[in-house]
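**Student:** Residues per chain are reported as follows:
Protein chains: 2
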Amino acid sequence: MTAKVLSLRPRGTPSLSGLMVLAGPGLTAVNHVIIDRMQSPVALIPELAGHLIAGGGKRLRPMLTLGCAALLDYGGTRHHKLAAAVEFIHTATLLHDDVVDASGLRRGKATANRLWGNPASVLVGDFLFSRAFELMVEDGSLRVLKILSSASAIIAEGEVAQLTAQREVETSEDRYLEIITAKTAALFSAACQISGVVAERGPDVENALESYGRNLGIAFQLVDDAIDFVSDADTMGKDVGDDFRDGKVTLPIILAYARGSEDERQFWRDAMRGKRVGPEDLIEAQRLLGTSNAISDTMARARHYGARAMDALSGFPNGPARRALTETVEFAIARAY
Amino acid sequence: MTAKVLSLRPRGTPSLSGLMVLAGPGLTAVNHVIIDRMQSPVALIPELAGHLIAGGGKRLRPMLTLGCAALLDYGGTRHHKLAAAVEFIHTATLLHDDVVDASGLRRGKATANRLWGNPASVLVGDFLFSRAFELMVEDGSLRVLKILSSASAIIAEGEVAQLTAQREVETSEDRYLEIITAKTAALFSAACQISGVVAERGPDVENALESYGRNLGIAFQLVDDAIDFVSDADTMGKDVGDDFRDGKVTLPIILAYARGSEDERQFWRDAMRGKRVGPEDLIEAQRLLGTSNAISDTMARARHYGARAMDALSGFPNGPARRALTETVEFAIARAY
Chain R
170 MTAKVLSLRP RGTPSLSGLM VLAGPGLTAV NHVIIDRMQS PVALIPELAG
220 HLIAGGGKRL RPMLTLGCAA LLDYGGTRHH KLAAAVEFIH TATLLHDDVV
270 DASGLRRGKA TANRLWGNPA SVLVGDFLFS RAFELMVEDG SLRVLKILSS
320 ASAIIAEGEV AQLTAQREVE TSEDRYLEII TAKTAALFSA ACQISGVVAE
370 RGPDVENALE SYGRNLGIAF QLVDDAIDFV SDADTMGKDV GDDFRDGKVT
420 LPIILAYARG SEDERQFWRD AMRGKRVGPE DLIEAQRLLG TSNAISDTMA
470 RARHYGARAM DALSGFPNGP ARRALTETVE FAIARAY
Chain V
170 MTAKVLSLRP RGTPSLSGLM VLAGPGLTAV NHVIIDRMQS PVALIPELAG
220 HLIAGGGKRL RPMLTLGCAA LLDYGGTRHH KLAAAVEFIH TATLLHDDVV
270 DASGLRRGKA TANRLWGNPA SVLVGDFLFS RAFELMVEDG SLRVLKILSS
320 ASAIIAEGEV AQLTAQREVE TSEDRYLEII TAKTAALFSA ACQISGVVAE
370 RGPDVENALE SYGRNLGIAF QLVDDAIDFV SDADTMGKDV GDDFRDGKVT
420 LPIILAYARG SEDERQFWRD AMRGKRVGPE DLIEAQRLLG TSNAISDTMA
470 RARHYGARAM DALSGFPNGP ARRALTETVE FAIARAY
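Here the protein sequences line up with chains R and V, keeping their order. Going by the working numbering, the first residue of the first sequence is number 170, and it counts up by one from there. Going by the working numbering, the first residue of the second sequence is number 170, and it counts up by one from there.
Hints are computed from structural coordinates only; laboratory data are not their basis. Remember, predicted model here, so these are calculated numbers, not experimental data. Be a bit skeptical, because a hint or two may be false.
Identical copies go unnamed one by one, so any copy, or any two together, can satisfy a pair.
To be verified - 20 Å max Cα-Cα, derived EDC-like pairs, lysine to aspartate or glutamate:
| hint | residue 1 | residue 2 |
| --- | --- | --- |
| 1 | Lys417 | Asp343 |
| 2 | Lys315 | Asp205 |
| 3 | Lys278 | Glu453 |
| 4 | Lys417 | Glu303 |
| 5 | Lys315 | Glu303 |
| 6 | Lys278 | Glu342 |
| 7 | Lys278 | Asp411 |
| 8 | Lys417 | Asp480 |
| 9 | Lys227 | Glu303 |
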């Protein structure tokens, strides 16, 4: 009992170090697959892909695959190729996202589309996406192929839905959650679930891992949305207010709009239509988000999904793997503080 | 013998009607799969995809899958989903190509990127690509998945290679053939080969169909390259000289450049760098292509690959299916005349 009480005391800032220790040896193998399989006789492909793949990404999704495999005491190596496939799908969506958003900065570096142009980013994204499927086919599990092809279609569907909702400040919270469940959480959940498939642990375990990944993914995205208004380029590699200036309707704005006076709603409508993109407009946006508790309540929503992610693991034995996956949730949320 | 001699006499203009008769009933089933599986609750997806899918495409690749299945007397229906997957992959690459080339006109209609913008075209392309893999996973053949995921990676690789070679007038004929074998012929060959897989006819049959599709695809692309200088928007749905003005180095230009005087080479260098995009420059290009026999020799190359495609079918019984597939090659080549 004493130990349990102690573990509930406030600790230091949550970090990914537990997951990194857990995933470390596997991650080396995954990185070998990634480097090996992004090669091509067409030099622009590894050059452009390497910029993003080697460029400071956390490898969070492949680490989740590895962490879930550790949770299940899976002793094989099949998940290495599959974790690389997940990272390729993620990289392909980032390349296409930056074209779609005309972004110039990601993870503190110039984006591939700024350096090599939109055409190259579109096509190298297509290449990585195809390569991801080749890796899955080599593994040979139709169940994994089904999970990841379905996730890919759902991601694309979510991205188109977000495009449609762009600048639509009246998007409901429900609708917004559907969109981020598709565009962000689907790959988190697939990355976790496939470890249950290769470990052959049955549908209950698969579902628990899927739920962990999905809820973590939603929490992760909501924190990202909040961070856009509170962080700066140093800490997150993009400028504060990027989403705001792009007219991206995220949960903080949805809440502030819904709770606002008619004048305030007009401000948000103007802002999302691109009529308020100056520094003083961002300050006004931050003021309104504060008075309406929109940021703190977005974080409360994120904590709700984070709690569900942690509880999804309740059927698994308490040990280093479960602790690392739990701390990953805490880390995802603590980024905003 | 008499019949054989008669069949060698000049016939009317070759058409796709034989293939259409052969593929007709199957194509109805394939079209049902296509329409059914391009649906999404996100309305923009079927709207944008439908513009291209319903918009006057010949369905040549799925018809090849159907025609090859008929050649093998395959009596099942598995190839319907797979032919739809092939068309989805093709449609996804067209959507992305039009973004890459900033094209405004395809098949005589405004392109999707002109009507809905680049972001929507990129993302709906991603959706169709994912949906194609979902269809293959539903079929469940890992061999088909391997053929089509490999083809997809090769296509993307070929597109990036073409981007790299863009405006490079010193591209060799060998290099150019590698590029079009990847970007165009890989999907033709996969579309044909997968019928051999579902009909379970063994590697020799698969290889023959792969060869037929690959050689037909190369011939098809070379004729397309030639048509750019001789046709007009009425007959092919894009303007004459589109490739020329885009600085696309195709075989006619490669041949004219290699055979040209220093002055002529300078003209092609300037043209590919975008310094000669006026109507009088196109006329000069056409003149140089004529004096160097570059168009007629591009067509000779196309006939060479067409002949190889027809001979790849020599092991199959002479019947309506083989005749239709042979006439498809003749049709592909006759488009330029």
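**Student:** For each hint given before, does the structure comply? Return the numbers of the non-compliant ones in rising order.
**Tutor:** 3, 4, 6, 8, 9
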